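Respectively, the protein sequence lines represent chains A and B. Count along the first sequence from 1, then add 28; that gives the number in the numbering used here. Count along the second sequence from 1, then add 42; that gives the number in the numbering used here.
Think of the hints as simulated: they come from the structure by calculation, not from any bench. Keep in mind the model is a prediction, meaning the values are calculated, not measured. Please note that the accuracy of each hint is not assured.
Claimed, not checked - Calculated pairs, BS3-like style, for lysine-lysine (alpha carbon to alpha carbon, straight line, at most 25 Å):
hint, chain 1, residue 1, chain 2, residue 2
1, A, LYS34, B, LYS193
2, A, LYS34, A, LYS117
3, B, LYS148, A, LYS117
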Amino acid sequence: MLNILKENLRQAVHDKLLLGAGALLVIEGISTVAGDETLTAATGSEAVGGIGIFAGALLPIFIGVITGRICGTDLRDKTANYEILFGKKRSAVYLGRFFAALIVSCAVTLLVTLVPVCFMALRNGWGGSITAGNALLHFGMIFPFVFRLAAVYAALTFLAGNDLVPITVSFVGTLLVMIASFLLEDAGYALTWQTAASDLKTMLDFSNTTEGFLDGQDILVYKAFLSGGTVLRMLCTSFGIGLMWLAAGLAVYRKRDIS
Amino acid sequence: MSEIIIEAKDLTKQFKTHKAVDSVSFQIRQGMICGLIGPNGAGKTTIMKMLGGLVLPTSGSFSIFGGSSEKELAHSRSRMSFMIETPYVKEELSARENLEKLRLQKGIPNPRRVDEVLELVGLADTGKKHVKKFSLGMRQRLGLAGALLSKPEIMVLDEPVNGLDPEGIIEIRELLRRFNREENVTILISSHILAELSQLCTDYLFIRKGQIRQFTSAEELHKICGEYYHIDTNDNAVALATLQNKLGIETCDVLKDGTLRLFERLDDLPLISKTLYENGLVPTTLHIHEADLESYYMKLVGDDNAEHSERESAASRS
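Whenever a hint applies, use it, and build me the whole structure from the sequences.
Structure representation (structure tokens):
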């Protein structure tokens, strides 16, 4: 499995589509917080709010693209079949690719979240909108969702046998969840169906604020407290559902004939 | 007798619409070059895919190097190489880049191995040319190069000479013979053209509609349908002894009617005639029976239309 993981990471690093998409995401993230007139003087802590909204909306799509691309390209052109012929177990073929997709997704997530925030912190200081520890906790809680999303998209990729299906589902699915949440909020309901995308958005939603005063200036303070119970629930949900999708996808892949 | 390294017992594969492999049993021993021969759709590729782990059997079992569990089969496959259907290559890469990728996937530490196999299959001078610009024959050579990369103990090759010109076929045949002879590589090779394999294989598995029709050695097959002299004299027992003692003949069958079939010295008709005559024997029949592999093949694995036509022709002659 390790050889498969290494080879797929090597391919990902040379994949022009993935590199371009990742770079675009990071640049877009920086411009979101640095280019916005209201945030030009934003501190690092204030940028956490801006990047949170951005990442919450776009990360689910990019995780779908990354996972679909890493898991699906070799399935589509059938070079993954060689690994089985070489004596790799199907579980190694599946999990090697899944973990490669997970590592790349986590790396992109780190870049998208930390780079813009660090950029603003270096420019304007950290500020007082949220403590660094709390910001790290919020950003850290993204990773269980990344695991869950990657597991879903990996299962879809291996079921479909190509990269196009999960990429399409990531776009359409994320859009549908966003539309559903907007419509339900307008109607006065909350979206309680906890998809990974909606939970991710909740984790990165810093719209609940209050006013504060720091160093002689009015500041925006994010109400971003995460209770232990919330953290535990989200961890269990993400890893539990992620593992279920991983197991289901692997079980189907192990039993199917490969053309 | 050499060790059995691949054994199948009642191997069956039922797809939704048809049964591709029907209770197939066979044993392949170390050092064999076994030809799996049958028409298109006979089940050859499905058998190879089952051995390779791409297709799962519906029932029955098989073992490779004595192991039949998933873990044991995976380990056995690491000692094998496969070339099944169209070789899996990245079209946007060159031959070297494709083999380098395969080398890394297989965990082969020696990077020079790529150059060695490119040289072996005649693709060393393709440079940076992308595979999408390769001819079918070049793609087949690249597939074979991939199969040779890991110096396997068993090679499973599905119609490897498909698309090659006659020179290419001879080259590949010689290469496989060399691997078999020098490195004791066991080869399972499929084709729907018996003539392609007739000069290579030590054994033949004839398959039709998913069922094994016959498993025979090359020696037996050539006896049945190869070239031979049909000899009848005034005393066939003496004729047989004369040929054995005077000419050192070893392969000569006596048929039920007493006549002889001689499988040696096929280019030496004058010497055979002279020897018989000098020993007081009068040949009443002495003619060469041409090799008729095709007829035998059609009889074994030909389709129903061919069989029906044959029966009709036989009926009209009688």
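Quick rundown of the hints versus the structure:
no.: 1; hint: A:LYS34 with B:LYS193; result: holds, 23 Å
no.: 2; hint: A:LYS34 with A:LYS117; result: holds, 16 Å
no.: 3; hint: B:LYS148 with A:LYS117; result: holds, 13 Å
Going down the numbered hints, you'll see the structure goes against none, and every one checks out.
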